[in-house]
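Participant: Spelled out from the first residue to the last, the chains are:
6 protein chains.
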Amino acid sequence: MSISNMEKVAVLTEALPYMQEFFGKTIVIKYGGNAMINAELKQKVVQDIIFMKYAGMKPVVVHGGGPEITAALKQMGKQSSFVGGLRVTDAETMEVAEMVLAGKINTEIVNLLNRSGVKAVGLNGKDANLTLAKKHLAQVVENSQLKEVDIGFVGDVERINPEIINMLLDNDYIPVIAPTGVDAVGNSYNINADYVAGEIAAALGAEKLLLLTDVEGLYRDFKNRAGFVSTLTFAEATTMIAKGLLDGGMIPKIESCVRALAGGAAKAHIIDGRLPHSLLLEVFTTEGIGTEVVKKGSETL
Amino acid sequence: MSISNMEKVAVLTEALPYMQEFFGKTIVIKYGGNAMINAELKQKVVQDIIFMKYAGMKPVVVHGGGPEITAALKQMGKQSSFVGGLRVTDAETMEVAEMVLAGKINTEIVNLLNRSGVKAVGLNGKDANLTLAKKHLAQVVENSQLKEVDIGFVGDVERINPEIINMLLDNDYIPVIAPTGVDAVGNSYNINADYVAGEIAAALGAEKLLLLTDVEGLYRDFKNRAGFVSTLTFAEATTMIAKGLLDGGMIPKIESCVRALAGGAAKAHIIDGRLPHSLLLEVFTTEGIGTEVVKKGSETL
Amino acid sequence: MSISNMEKVAVLTEALPYMQEFFGKTIVIKYGGNAMINAELKQKVVQDIIFMKYAGMKPVVVHGGGPEITAALKQMGKQSSFVGGLRVTDAETMEVAEMVLAGKINTEIVNLLNRSGVKAVGLNGKDANLTLAKKHLAQVVENSQLKEVDIGFVGDVERINPEIINMLLDNDYIPVIAPTGVDAVGNSYNINADYVAGEIAAALGAEKLLLLTDVEGLYRDFKNRAGFVSTLTFAEATTMIAKGLLDGGMIPKIESCVRALAGGAAKAHIIDGRLPHSLLLEVFTTEGIGTEVVKKGSETL
Amino acid sequence: MSISNMEKVAVLTEALPYMQEFFGKTIVIKYGGNAMINAELKQKVVQDIIFMKYAGMKPVVVHGGGPEITAALKQMGKQSSFVGGLRVTDAETMEVAEMVLAGKINTEIVNLLNRSGVKAVGLNGKDANLTLAKKHLAQVVENSQLKEVDIGFVGDVERINPEIINMLLDNDYIPVIAPTGVDAVGNSYNINADYVAGEIAAALGAEKLLLLTDVEGLYRDFKNRAGFVSTLTFAEATTMIAKGLLDGGMIPKIESCVRALAGGAAKAHIIDGRLPHSLLLEVFTTEGIGTEVVKKGSETL
Amino acid sequence: MSISNMEKVAVLTEALPYMQEFFGKTIVIKYGGNAMINAELKQKVVQDIIFMKYAGMKPVVVHGGGPEITAALKQMGKQSSFVGGLRVTDAETMEVAEMVLAGKINTEIVNLLNRSGVKAVGLNGKDANLTLAKKHLAQVVENSQLKEVDIGFVGDVERINPEIINMLLDNDYIPVIAPTGVDAVGNSYNINADYVAGEIAAALGAEKLLLLTDVEGLYRDFKNRAGFVSTLTFAEATTMIAKGLLDGGMIPKIESCVRALAGGAAKAHIIDGRLPHSLLLEVFTTEGIGTEVVKKGSETL
Amino acid sequence: MSISNMEKVAVLTEALPYMQEFFGKTIVIKYGGNAMINAELKQKVVQDIIFMKYAGMKPVVVHGGGPEITAALKQMGKQSSFVGGLRVTDAETMEVAEMVLAGKINTEIVNLLNRSGVKAVGLNGKDANLTLAKKHLAQVVENSQLKEVDIGFVGDVERINPEIINMLLDNDYIPVIAPTGVDAVGNSYNINADYVAGEIAAALGAEKLLLLTDVEGLYRDFKNRAGFVSTLTFAEATTMIAKGLLDGGMIPKIESCVRALAGGAAKAHIIDGRLPHSLLLEVFTTEGIGTEVVKKGSETL
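Residue numbers (the UniProt record's numbering), protein chains in the order written: chain E, 1 to 301; chain B, 1 to 301; chain X, 1 to 301; chain A, 1 to 301; chain W, 1 to 301; chain Z, 1 to 301.
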């Protein structure tokens with residue numbers, strides 16, 4: 001890069017208003033998709049999180065892990081079936097999912113962060129009863145009728161107990177959270193990480209929820225990539241969910257944003273994690289990347 | 001049980017001197033062997049740990065997991081070779097070991113404790129850089145010569161960073177620790193849980209280290225089960241190690257005890273985990289079960 | 001006792017649910033009657049209180065002392081007269097009562113506790129203005145007419161200032177309280193210890209009030225010891241008081257329980273202090289001993 | 001008093017240097033003699049202590065009570081014998097002494113202070129094991145030979161545990177301390193209040209020990225009231241004790257001062273408690289009243 | 001002075017009720033007039049403030065400085081014009097005013113206090129944004145019409161940010177405050193110190209506002225010094241302001257008192273600062289000097 | 001600037017190592033010269049200080065003010081004479097100097113910082129006795145003889161009392177300090193701001209002292225601007241001072257650096273304040289600007 005030192009310090013001072021705005025604020029980051037697979041992107045996400053930490057924010061990381069679970073099951077010769085996009089999860093599958101999420105992906109992210117000079121601590125839904133879960137009721141259409149199907153240990157968030165996260169944040173640790181849950185009798189559940197991130201943002205009253213995805217954001221006409229939506233109001237988002245206007249992959253993202261805002265978070269952003277440093281781009285530049293969901297707004301769909 | 005209520009309260013008051021002695025003290029428990037496999041024993045160990053907690057102690061649990069790692073590797077069709085009793089651990093094996101230790105056994109113990117009304121939190125060597133490790137130098141005799149062999153990601157403890165444990169203890173959590181470690185460049189290592197427990201007891205200046213094993217304790221003549229040793233002094237223990245007088249399985253146990261005492265722990269105990277409630281028996285009754293290693297003592301071998 | 005160590009630890013784990021239930025809770029104990037006279041019972045009460053302390057509870061002891069006051073007055077050649085069961089208390093009598101309560105019984109209980117390894121501190125109503133009192137209005141029937149009689153320095157509780165108790169509890173001391181009070185101009189009063197205990201339980205929002213008595217509990221027909229009442233609701237208790245259905249000796253006990261519950265305590269128990277370890281029996285076993293007064297209940301009289 | 005308001009505020013500002021000097025400092029006051037008997041003097045001592053408290057000092061009161069013990073024993077028809085000026089104290093006598101000291105005099109002083117708007121708390125040697133005692137070895141000369149005589153429960157201070165005093169001072173209470181002690185097996189002892197005050201001043205590292213007495217101070221020739229000593233150095237005081245140059249009544253006073261200074265107190269004063277407001281006179285005016293014992297000094301005897 | 005030491009300590013104990021009443025309370029002192037010019041008075045004001053501090057109060061000093069500003073402007077050859085008693089303040093005049101207030105008078109008072117053994121810290125309206133100001137709207141009558149005139153950087157208090165004062169008080173410092181303010185864009189303003197003191201008393205919920213003036217207090221008929229008013233109720237004061245019954249010089253004094261009381265202060269006093277020790281006279285004697293404004297009162301005008 | 005957002009975030013992450021290195025560290029900035037006169041530079045210095053604050057550092061600002069003092073004196077028609085480069089400072093001159101430093105320059109810097117969203121508080125040497133001073137002994141050569149000359153209220157630092165600075169830093173304020181001092185009897189002194197900054201860096205154990213100057217740094221041959229010195233060791237610096245090898249203007253700079261390092265600061269830098277953002281350039285880029293003085297170093301002169 002041929003940027004002079006003078007230009008560099010000018011860039012730093014340009015970042016100052018953002019540092020002032022977000023100082024001491026909690027930022028929940030849903031980490032997943034390409035940004036978790038591509039080694040270079042991975043390193044940049046880690047840098048972004050550490051930059052946030054040293055700029056005085058309180059980042060909280062929630063990660064997914066679907067592809068790695070699939071790979072591990074395959075290696076063990078276990079076939080997965082899906083219902084409505086959700087993996088049918090028997091006890092053995094859940095055990096593998098938990099091992100991969102809490103014992104592999106989580107430890108790897110913690111490791112990457114710690115190698116770069118912060119103190120990260122891994123959590124999963126069982127630690128201090130962080131994520132209480134209940135069985136997800138999957139529904140399929142069979143003979144034109146809506147029918148409930150038991151797909152095993154796939155869960156919804158029942159309640160977040162944020163004390164352990166707050167204790168870690170107060171002591172300058174970065175919590176890294178695997179999206180598992182546990183019910184009252186001790187069963188483990190695999191939960192969509194988007195939902196876990198949304199609920200944690202709500203429980204913490206976070207300033208921002210940042211969802212790293214593999215898309216540019218929301219389009220009104222997703223197939224033709226037409227009508228890109230930069231800002232969506234809470235009301236518009238709930239309407240789109242209710243009316244079924246969202247593309248399948250977008251549903252958990254937008255629902256996560258809605259949940260975060262309903263619970264007290266200030267803003268939620270769907271960000272294209274395929275861009276290097278997309279987190280810093282979102283937080284520290286004027287360039288609104290991706291789609292933001294805000295409590296109130298003037299833009300209409 | 002036909003014990004009357006009057007007898008019961010008499011038993012409680014008999015426990016009082018032990019409660020007074022250990023109030024506020026840190027007790028490190030190495031949890032492994034049969035006590036981790038047998039469902040009934042498992043439940044009793046959990047009760048014992050919770051009893052300690054409510055009687056004012058600060059229990060810290062370190063667990064092993066060798067048999068479960070073997071099972072998982074087998075399921076994945078991966079063969080293990082051993083050198084001097086240690087599993088040759090390539091990167092893939094280490095990944096499986098970490099998943100099993102941090103993602104399966106650890107979460108299960110945390111879960112059992114939390115279901116019984118305490119707040120447990122799982123940790124592994126990477127969390128807040130808890131366990132810094134270095135490669136273990138394995139030695140084999142080849143052609144009558146001692147030779148170093150690289151057995152991969154098998155580690156020794158380089159340093160324990162106990163801050164995260166202390167923070168959890170100060171906030172009334174029970175830390176549950178998987179015996180993995182990490183080196184300066186981020187490699188993961190599998191470490192014998194006995195050693196991790198000993199080093200953690202040392203780093204915390206624990207009152208007691210309790211090693212749950214599948215033997216009654218130390219015999220001078222192990223094969224014939226003759227000459228049971230109730231108390232071993234620090235000096236005797238180090239002599240036995242130096243002179244090679246210990247049976248193979250006993251080496252890490254006694255070395256763990258020695259390390260704990262050298263680092264500041266007050267006492268270390270090798271306990272028969274096959275007995276139900278062996279932890280409470282050791283802590284709350286006069287019956288000295290197993291073998292204790294103490295800093296000074298009058299008994300000679 | 002021929003109880004094996006295995007049976008002993010089983011007894012300990014049986015006590016665990018009670019330890020969990022009462023951990024950190026304040027328990028007010030009215031200490032009096034035989035349990036304060038019989039040397040063996042005395043020692044067992046001390047053990048019970050210390051056990052509670054080490055099991056994480058916060059015991060507060062309020063003691064009586066009528067018989068010892070009578071003995072001291074007799075020794076000084078001073079005759080007592082009684083009106084409605086209450087000692088007519090002139091200034092000189094009050095001085096003796098205060099010396100016996102604050103200078104003899106209180107110091108003895110403090111001493112017994114401290115000898116057993118806790119830190120007890122004696123208080124009386126004057127310390128930090130703990131117990132503000134007003135003159136008790138005694139009533140007698142004379143010529144079929146209710147008439148007020150001045151019986152001197154016999155007091156009712158006007159207000160408890162619990163700050164000094166809370167400071168002691170927060171610093172791990174056991175407060176031992178003599179049942180004297182003081183009015184705004186500095187006069188001392190002798191107050192029934194049952195009432196002081198009830199008011200203190202109320203002021204502290206205690207979990208339990210335990211009244212050690214010399215009876216088994218409440219009978220509907222006290223003379224014939226028929227119709228033993230295990231549980232009494234608050235409503236039933238207040239009705240019995242209002243309708244005059246209580247035996248004389250029971251009135252202050254039941255009124256004390258009612259006052260404690262009205263002020264915020266969770267439960268109150270009338271316990272037979274003649275049983276050894278009656279406090280532990282009540283708190284740590286399923287055996288409901290004596291009579292409990294609860295805020296709501298299904299049993300009717 | 002015909003002092004104008006202008007003169008009054010001038011007097012206040014004259015007191016300012018003393019307020020500055022002693023702000024936040026601990027002052028131990030031995031309260032006894034006439035100042036504890038004469039009602040008017042009593043009230044003035046209370047005012048002085050409260051003034052000190054509101055001027056930012058930390059007063060600690062230690063009181064005696066010999067005459068009242070004598071009176072109580074007499075009332076009970078119990079004769080006292082004395083050996084070397086010390087009362088032979090059997091168990092019954094000790095019980096009376098403890099009742100009078102802890103249950104009568106102590107509660108009365110606490111009461112007087114509390115009525116005037118401070119928060120005083122009474123303590124005796126048993127509270128939180130404040131004053132650990134051992135039997136005093138009395139010596140008499142018999143047939144020109146020094147012989148030890150057992151005079152019962154008369155004690156010397158073995159150790160002061162000042163934690164309870166410090167906790168009270170830190171929370172703005174005024175501790176009022178009865179001069180009893182307790183040994184390791186729970187026996188009570190009556191201890192000369194001068195010694196208790198000296199030891200407490202030492203244990204607290206007090207700024208000043210103020211001994212209220214019924215004399216003007218120390219005379220070199222006591223009988224003829226000649227050679228009044230305003231200032232005595234530590235060295236001179238120890239010499240006088242060693243050489244037996246002190247009048248009987250002065251021995252415990254001077255020894256108390258020596259003990260306070262040896263243990264870390266800054267200054268000790270023997271004050272004539274028969275003067276109204278003698279405490280304030282000593283602390284807040286230039287008029288050196290009585291005899292002070294200082295660590296170093298230029299005056300020689 | 002021929003006051004004996006005995007009389008002196010009697011005076012001290014007479015002050016005790018006032019020390020008890022005002023212990024820990026915040027007292028805002030407006031320092032100005034003769035008491036700031038006359039060297040002897042100055043020294044006595046300093047003594048009074050330090051006495052208050054050592055008697056447990058929390059004094060806060062707000063000073064004026066009009067005459068010194070005039071002198072400095074004159075020295076610089078700058079003429080001042082006045083509109084309705086207020087100095088027309090251009091930018092250059094404001095710069096001089098700020099230098100004199102914050103750089104000369106303030107540092108001198110801080111210095112005087114610190115030399116006498118307390119820790120004073122100077123503040124002005126810019127420090128931590130203590131005094132937010134807005135331009136004062138001056139009005140003049142021109143051709144029988146009320147007209148607004150721009151008199152430059154003369155300000156009114158918009159808001160007090162008392163955090164910095166509270167931090168200083170909590171750490172035992174005495175804040176000394178110059179009466180400047182700052183608006184949202186950084187302009188400096190000169191504000192009448194009476195108003196600043198009143199607003200600070202309100203913002204701190206002070207116990208007392210003491211305004212040192214060069215008059216005896218309020219007279220109903222000021223010119224003839226007739227009808228001295230000792231006590232004025234809040235209602236009376238507001239009425240007098242509304243009806244224009246106040247002499248010009250009295251307006252800011254009474255308005256300051258009204259503002260202090262409206263904002264939560266308990267009492268406000270207009271004191272004759274020409275009397276030596278007038279602050280102590282007011283606070284520590286029964287002699288009501290000057291005029292007090294109270295929330296409620298029985299006296300009518 | 002045509003730097004893309006992607007480049008900008010890359011610049012931010014490049015700053016991360018510096019943010020990590022200096023997080024929580026104290027940085028003392030001597031602010032003076034052109035950077036205090038030029039409006040644009042002024043604004044950039046303010047931005048730099050605020051950036052440091054939000055990046056987790058603890059900036060402390062010490063400012064000078066010679067030119068403004070000269071201007072004010074001139075305006076008042078007061079002529080200055082100089083001895084050895086130091087202004088002869090009579091009482092009147094000192095009064096003007098103090099007004100300008102504490103009342104004008106200091107309030108202006110505080111104002112600039114506060115307008116940009118931090119909380120700055122101005123201090124001068126009198127506040128809480130921050131800077132204790134003694135008279136500077138000026139020496140002149142007269143008739144080839146070294147002679148002491150009294151140049152009035154020009155001071156040297158006697159001692160810094162840093163408590164007030166630490167309290168402000170702990171509460172997230174930025175202290176802004178005028179270079180005045182006060183002696184034991186209350187005389188004010190004008191002190192070279194370089195020395196005050198060096199002493200404050202020493203007293204705080206600062207991480208860095210940054211001296212903003214109007215030169216590029218130190219040259220071995222200053223006149224010809226030859227032999228620029230990037231790094232100077234402590235030993236070299238002291239040697240240059242001792243041997244008189246420094247150019248006049250450089251003496252106080254280098255002496256200030258030496259004093260800071262001797263007192264515990266880690267590094268000191270002489271920076272060219274004429275460059276925009278010179279503070280950030282120094283702290284956040286690899287470009288070593290100016291001359292640094294370090295405790296040890298390999299470069300030789």
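Calculated directly from the structure, the hints in this document are not laboratory data.
One or more hints might be untrue.
Remember, identical chains collapse to one label, so a pair may be satisfied in a single copy or spanning two.
Said to hold, decoys possible - In silico DSS-like pairs for lysine-lysine, Cα to Cα no more than 25 Å straight-line:
no., residue 1, residue 2
1, Lys-119, Lys-25
2, Lys-119, Lys-295
3, Lys-295, Lys-135
4, Lys-267, Lys-135
5, Lys-78, Lys-25
6, Lys-296, Lys-134
7, Lys-119, Lys-135
Since this is a predicted model, take the numbers as computed values, not measurements.
Participant: Compare the structure with each hint and give your call.
Facilitator: Results of checking the hints against the structure:
1. In this assembly of identical chains, Lys-119 and Lys-25 lie within 25 Å of each other by CA distance both inside one copy and across copies; the values are 18 Å within and 18 Å between.
2. When the C-alpha separation of Lys-119 and Lys-295 is checked against a cutoff of 25 Å, the pair qualifies neither within a copy, at 33 Å, nor between copies, at 30 Å.
3. For the homomeric pair Lys-295 and Lys-135, neither the shortest alpha-carbon distance inside one copy (30 Å) nor that between copies (37 Å) is at most 25 Å.
4. Neither within a single protomer nor between protomers do Lys-267 and Lys-135 lie at most 25 Å apart by alpha-carbon distance, with minima of 29 Å and 38 Å respectively.
5. When the C-alpha separation of Lys-78 and Lys-25 is checked against a cutoff of 25 Å, the pair qualifies neither within a copy, at 43 Å, nor between copies, at 47 Å.
6. For the homomeric pair Lys-296 and Lys-134, neither the shortest alpha-carbon distance inside one copy (32 Å) nor that between copies (33 Å) is at most 25 Å.
7. Taking the shortest alpha-carbon separations for Lys-119 and Lys-135, only the inter-copy value of 23 Å comes in at or below 25 Å, while the best intra-copy value is 34 Å.
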